[in-house]
Each structure stands twice: as C-alpha cells, then as structure tokens.
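Student: These are the residues of each chain, in order.
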Amino acid sequence: MKSAVVLLPGLNRDRDMIAALTKISGTPPLTVWQTDTEIPDVDLITIPGGFSFGDYLRCGAIAARMPVMRAVAEKAAKGVMVIGVCNGFQILVEAGLLPGALMRNTSLKFVCRQVKLQIANANTMFTRRYQPGQIIRSPVAHHDGNYFADAETLRRLEGEGQVVFRYAEGTNPNGSINDIAGIINGQGNVLGLMPHPENLIEAAHGGSDGRALFESALGIAA
Amino acid sequence: MIKARITVTLKNGVLDPQGKAIEHALSGMGFDGVGQVRQGKVFDVELSESDKAKAEADLKAMCDRLLANTVIENYSVAIT
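Residue numbers (my numbering), protein chains in the order written: chain A, 1 to 222; chain V, 1 to 80.
No lab work stands behind these hints: they were computed from the structure. Honestly, I wouldn't trust all of these hints.
Among chain A residues calculated to face chain V with C-beta under 10 Å, some are [said to hold, decoys possible]: (1) ALA61; (2) ILE62; (3) GLU94; (4) ARG104; (5) ASN185; (6) GLY186.
Just so you have them, the derived chain A footprint on chain V, three or more residues with Cβ under 8 Å [stated by the list, open to error]: (7) 29-37; (8) 69-79.
Note that the structure is a prediction, hence the values are computed from the model and not measured. Backbone N, C-alpha and C define an ideal beta-carbon position, used for all residues, glycine too.
Given these sequences and hints, build the entire structure.
Tutor: This is the structure:
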C-alpha cells in the first residue's frame, strides 16, 4: 500500500503524519505540494493538521481552492482513500468532499487535550480494526472543530452510517452537533476527523489507540 | 473601475458563539436593551470591469466559490 501526504503552507502536523505512516506501513509516504496538479498512484492520501494559509477567511477555505485539491478530488472520485485530520478535515469540507462545516468551538477557546472517542461505525475501510462502539483515546488540538450540518444532511449522515467517530459522553470539546468527531462521504472512501490519531500510535505517545485507523486503511494486520 | 461591498452573514439557525460573546460583553458594559448580536464579514472589492451586470455576476461567483461558505452563510453584493 502506498500513501501520500499533502503539504500546504501553514500546516504543522505534516511531520507527525509522515512519521506515523512510515512507522505503521514501513514505507515513507510520498509528499505532494499545493501547486501539484497530479498525484502519483497511491492507495491513501492524507491531509494533515495545522493552520493552512493562517486560517485566513475560514479555516481550510484557501487551501481547498489550491490546485492540489482538484487532484485530490479526482483521486477520491476514483475510489482512492483520503483522510483529513483537523485542518485536513476543515479543508475537505471546504472543498466539498465532505458535507457540513466546521465552526468556532462554542467555548470560543482553543482546546488542546485528550478526549474519548466512540467508534460509531466500525464497518468502514478506516475503522474495521476497531470494535463497534469501542471507546478509544485521542488528542485534539483545535479552535474550529464545532461540526455543523443542516437537518437534512444530518439525517442522511446518521441514517447512512456516515458518522464514524463521536466524542464519548461528556468529552465533546467543541459543541459539535450530535457529538460528531469524524465522518465519511457517501462512497465511504473519504474520512475527515478533528482528533489526531497520528499522535497516538506508539508507547512513547502514551498509547497506540490511533494506530488501528491507519492499519485499517493500509490493510495491515494488527 | 467598479467598487463593491460584499457582506457575509451567518444563516438563521446557525449558532454564533462569537456573536453571543459580543452580546454579553455589550450588556456587561452597561448597554441596556441589547438583543441578539450576530457577527459577519465585510469585503470591499475593486474590479477593473466597467460593465455593472458582468461585475455583479463575477462578484456573486466569488461569493459562491470562496468568500462565503453557503452551508452556513448568506451573502449580499452591493455595487457602490
């Protein structure tokens, strides 16, 4: 399985993502730059977290209009897996690859802590190594993670099992509707989530709860 | 040259925690009778285009494609 990491100015979790993919798959991912109009043949494309373009206008808004995102959309349409973490999730919703929007946390505070996540759908290519309903730990670090979607979109997401990660009871850090922490698209190959599973993949991180996400996507046995 | 002002506001029903905080601050400062406050954005745009209709169509396209997130925001375009 080959993977790629999208690089944009202002991202700051790109090295964490590269390290996680390298450690878990045994092969360093390719990197693609914002101006690249084509992405080499890979099985998984990841968009890391950070503050692309300084969060100007809206988080992820400017990054979503860069040439590389057109290439990501083309690959996604062909079934290539895409994971957007944190700012990567914001970029995916701004690019229209995932529905809804990510708004300012209701507390108005930047939250940087560990939360508990419930696996709301373990029957996806990103979560098949988890158990349904399993509670895992994951760090979060964001100012705009308050997921919002209109009533009809929300009904569709809930009805079709597109809500993949939910903040476990009492740990919602941002006011996100229905405690939504991560969703997939209708086709099931594009995942966006606010938490940072790439920062919890080995003992040195204090746990490896995030590892199974990448093992699921990369088809690696636990 | 055409100058325009674009105003982007949150749709009704979309929670606006920043507007809420401003609302509370105003009340706390002693401004009585402050109702709901909603925060938005203003963009002043200059265009070299001289055809007003063409300019307006372009400005609307800019809003739809970048300046507003139509999932949560409305916009209005005023050519000044």
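Student: Where does the structure disagree with the numbered hints, that is, which hint numbers, in rising order?
Tutor: 5, 6, 7
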